[in-house]
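Q: Let the sequences and hints guide you as you build the complete structure.
Below are the chains, spelled out letter by letter.
Protein chains: 2
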Amino acid sequence: MSRFDVLTVGNAIVDILARCDEKFLVDNGIIKGAMNLIDGDRAELLYSRMGPAVEASGGSAGNTAAGVANFGGRAAYFGKVADDQLGEIFAHDIRAQGVHYRTHAKGISPPTARCMIFVTPDGERSLNTYLGACVELGPEDVEADVVADALVTYFEGYLWDPPRAKEAIVECCRIAHEAGRETSMTLSDSFCVGRYRAEFLELMRSGTVDIVFANRDEALSLYETTDFDLALDSIAKDCKLAAVTMSEDGVVIVRGDERIRIPATPIAQLVDTTGAGDLFAAGFLFGYTKGLDLETCGKLGCLAAGVVIQQIGPRPMSSLEDLAAKAGLI
Amino acid sequence: MSRFDVLTVGNAIVDILARCDEKFLVDNGIIKGAMNLIDGDRAELLYSRMGPAVEASGGSAGNTAAGVANFGGRAAYFGKVADDQLGEIFAHDIRAQGVHYRTHAKGISPPTARCMIFVTPDGERSLNTYLGACVELGPEDVEADVVADALVTYFEGYLWDPPRAKEAIVECCRIAHEAGRETSMTLSDSFCVGRYRAEFLELMRSGTVDIVFANRDEALSLYETTDFDLALDSIAKDCKLAAVTMSEDGVVIVRGDERIRIPATPIAQLVDTTGAGDLFAAGFLFGYTKGLDLETCGKLGCLAAGVVIQQIGPRPMSSLEDLAAKAGLI
Chain A
1 MSRFDVLTVG NAIVDILARC DEKFLVDNGI IKGAMNLIDG DRAELLYSRM
51 GPAVEASGGS AGNTAAGVAN FGGRAAYFGK VADDQLGEIF AHDIRAQGVH
101 YRTHAKGISP PTARCMIFVT PDGERSLNTY LGACVELGPE DVEADVVADA
151 LVTYFEGYLW DPPRAKEAIV ECCRIAHEAG RETSMTLSDS FCVGRYRAEF
201 LELMRSGTVD IVFANRDEAL SLYETTDFDL ALDSIAKDCK LAAVTMSEDG
251 VVIVRGDERI RIPATPIAQL VDTTGAGDLF AAGFLFGYTK GLDLETCGKL
301 GCLAAGVVIQ QIGPRPMSSL EDLAAKAGLI
Chain B
1 MSRFDVLTVG NAIVDILARC DEKFLVDNGI IKGAMNLIDG DRAELLYSRM
51 GPAVEASGGS AGNTAAGVAN FGGRAAYFGK VADDQLGEIF AHDIRAQGVH
101 YRTHAKGISP PTARCMIFVT PDGERSLNTY LGACVELGPE DVEADVVADA
151 LVTYFEGYLW DPPRAKEAIV ECCRIAHEAG RETSMTLSDS FCVGRYRAEF
201 LELMRSGTVD IVFANRDEAL SLYETTDFDL ALDSIAKDCK LAAVTMSEDG
251 VVIVRGDERI RIPATPIAQL VDTTGAGDLF AAGFLFGYTK GLDLETCGKL
301 GCLAAGVVIQ QIGPRPMSSL EDLAAKAGLI
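Keeping their order, the protein sequence lines are chains A and B.
Sequential numbering of the first sequence, starting at 1, is according to our numbering.
Sequential numbering of the second sequence, starting at 1, is according to our numbering.
These are calculated hints, taken from the structure and not from any lab test.
Don't take each hint at face value.
Pairs count within a copy or across copies, as identical chains cannot be separated in the list.
Keeping only pairs whose Cα atoms sit at most 35 Å apart, straight-line, the calculated DSBU-like set for lysine-lysine is [unchecked claim]:
#, residue 1, residue 2
1, 23, 237
2, 326, 290
3, 326, 23
4, 326, 166
A: Structure (structure tokens):
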């Protein structure tokens with residue numbers, strides 16, 4: 001028995017989204033497609049240069065928890081906001097989606113994290129994250145009963161950026177494994193992999209993490225190679241199960257010698273790639289915790305990713321449960 | 001010579017938008033399609049029942065100012081926010097669109113106004129407005145030089161809800177007329193007309209307001225009739241120029257004995273009617289202050305309204321200037 005299918009842990013962030021042209025990224029030194037970490041001063045500067053925007057709750061693992069719940073799964077989330085208006089918005093949105101969320105909001109300074117997302121005409125998103133209150137997440141925020149009661153505990157590689165979140169993660173993984181549960185992580189971003197390569201590999205090789213999510217660039221960065229097949233073979237050795245997304249080329253699921261390839265879901269129009277990886281993980285983990293075969297898990301992931309990239313913002317506004325049922329996947 | 005084409009004055013509001021079904025409106029006593037004024041307690045209650053949402057700067061006249069600027073017009077705005085995160089978002093978005101906005105943000109209590117917008121499957125929006133800091137707007141917020149330097153000063157009927165905004169409006173109209181400018185208002189909402197019918201008629205009949213925007217329901221409510229032609233004839237007598245929108249039936253422009261009918265712009269899909277009237281006014285006033293003929297003004301209004309109802313949120317994310325040029329209107 002379990003109370004939750006998936007617990008996710010991550011930086012709790014409100015997204016601020018606007019379109020821009022390619023030149024804007026160059027002029028402002030923003031690495032395209034990446035997560036650029038910024039401090040408060042740079043956040044103010046970039047915001048002053050940003051066009052009219054819209055706001056939506058985000059945060060990689062938060063999007064994944066919301067996605068699992070949107071599929072009809074039982075989800076929980078740990079992540080730190082401040083006691084301010086953006087924090088209230090974040091907490092509202094994730095709870096309104098039916099996700100268990102009780103992490104204590106701590107004071108008003110630093111404020112709730114925000115991510116300025118610039119979407120170029122090709123639909124690619126470039127992230128600029130001010131971590132704010134996320135730096136406060138630590139082991140004291142671990143709700144041990146929730147971890148023990150979740151089939152899979154999933155976390156972001158991004159959590160290695162704030163100072164003490166990794167302590168919370170190690171504790172979560174210990175509790176999860178003691179309770180006979182599984183653990184999972186996303187490598188998050190190829191530059192993030194560059195910052196914490198050795199630690200991420202250690203998490204995998206020590207068995208702290210069972211299931212790994214990555215995209216092609218992150219997998220290549222992890223093994224410092226340009227040979228994708230080599231990266232897949234390496235990841236197969238280093239963890240029990242991995243799903244590696246390849247944008248419009250779909251996904252490859254890796255388990256030992258198995259390679260299951262699933263095509264991307266056809267879409268009418270690419271609007272904004274924000275949340276694609278997060279929603280892939282949501283669909284995959286929803287299927288996985290329901291005991292579905294890996295191919296169906298992958299298809300559920302592709303379905304969710306295909307939905308979110310056809311809208312502005314990181315969490316699908318339509319019912320993933322309905323769409324999955326219509327597609328005959330659940 | 002003038003520095004501004006259009007100055008607008010209104011309640012400065014951040015919108016919180018979510019979809020809901022028809023039953024939700026009934027269960028929560030929300031009048032469909034109307035602007036429901038709510039207090040802080042009801043705002044908390046409704047928010048606790050609202051699904052996952054997205055946020056976007058709104059406010060009727062704010063949307064109109066942003067629309068004028070999006071067309072390439074020179075726009076200014078007066079409206080009151082608090083010195084809080086939502087106020088910062090509001091100020092950012094309107095300035096980032098190129099609108100002159102300098103109204104002093106006053107303290108943190110009451111907080112910046114918000115409007116919970118529930119969008120039903122038919123695309124209709126039902127507004128639930130907590131006025132917050134908007135109650136602080138008064139004559140001291142009138143930038144006299146801006147009023148005198150704007151070809152048209154436009155305001156919302158909604159401004160009769162907060163206590164002192166109407167004093168600011170009367171002052172604006174006096175300054176505008178002394179400077180040889182024109183004044184304009186939107187009747188805002190049929191229930192708002194019901195609350196302030198006598199005052200709105202007095203504004204028109206006294207010549208305080210030159211140009212009136214209304215939709216069919218508001219025009220019928222103003223004259224307490226079900227005879228639309230009678231309402232049009234009455235409005236023609238009571239002001240110099242009026243534009244009355246009729247949703248998918250387009251718009252009729254009324255000036256003395258003239259009746260210019262313009263069809264609605266065909267759309268692919270109705271997503272969310274939020275901002276339709278505000279953007280119609282933006283297109284119309286942009287054309288009007290450029291000296292274009294009334295039919296072209298109406299077409300510009302219909303174009304902008306047609307754009308905004310095909311997206312979530314009240315301010316078009318695409319360039320109205322480009323779309324108007326492509327349509328051969330400017």
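Q: Hint by hint, note whether the structure agrees.
A: Structure-based check of each hint:
{"no.": "1", "hint": "23 / 237", "in the structure": "neither (42 Å within a copy, 53 Å between copies)"}
{"no.": "2", "hint": "326 / 290", "in the structure": "within (18 Å within a copy, 51 Å between copies)"}
{"no.": "3", "hint": "326 / 23", "in the structure": "between (41 Å within a copy, 24 Å between copies)"}
{"no.": "4", "hint": "326 / 166", "in the structure": "neither (39 Å within a copy, 53 Å between copies)"}
The structure fails hints 1, 4 (numbered hints given earlier, in ascending order).
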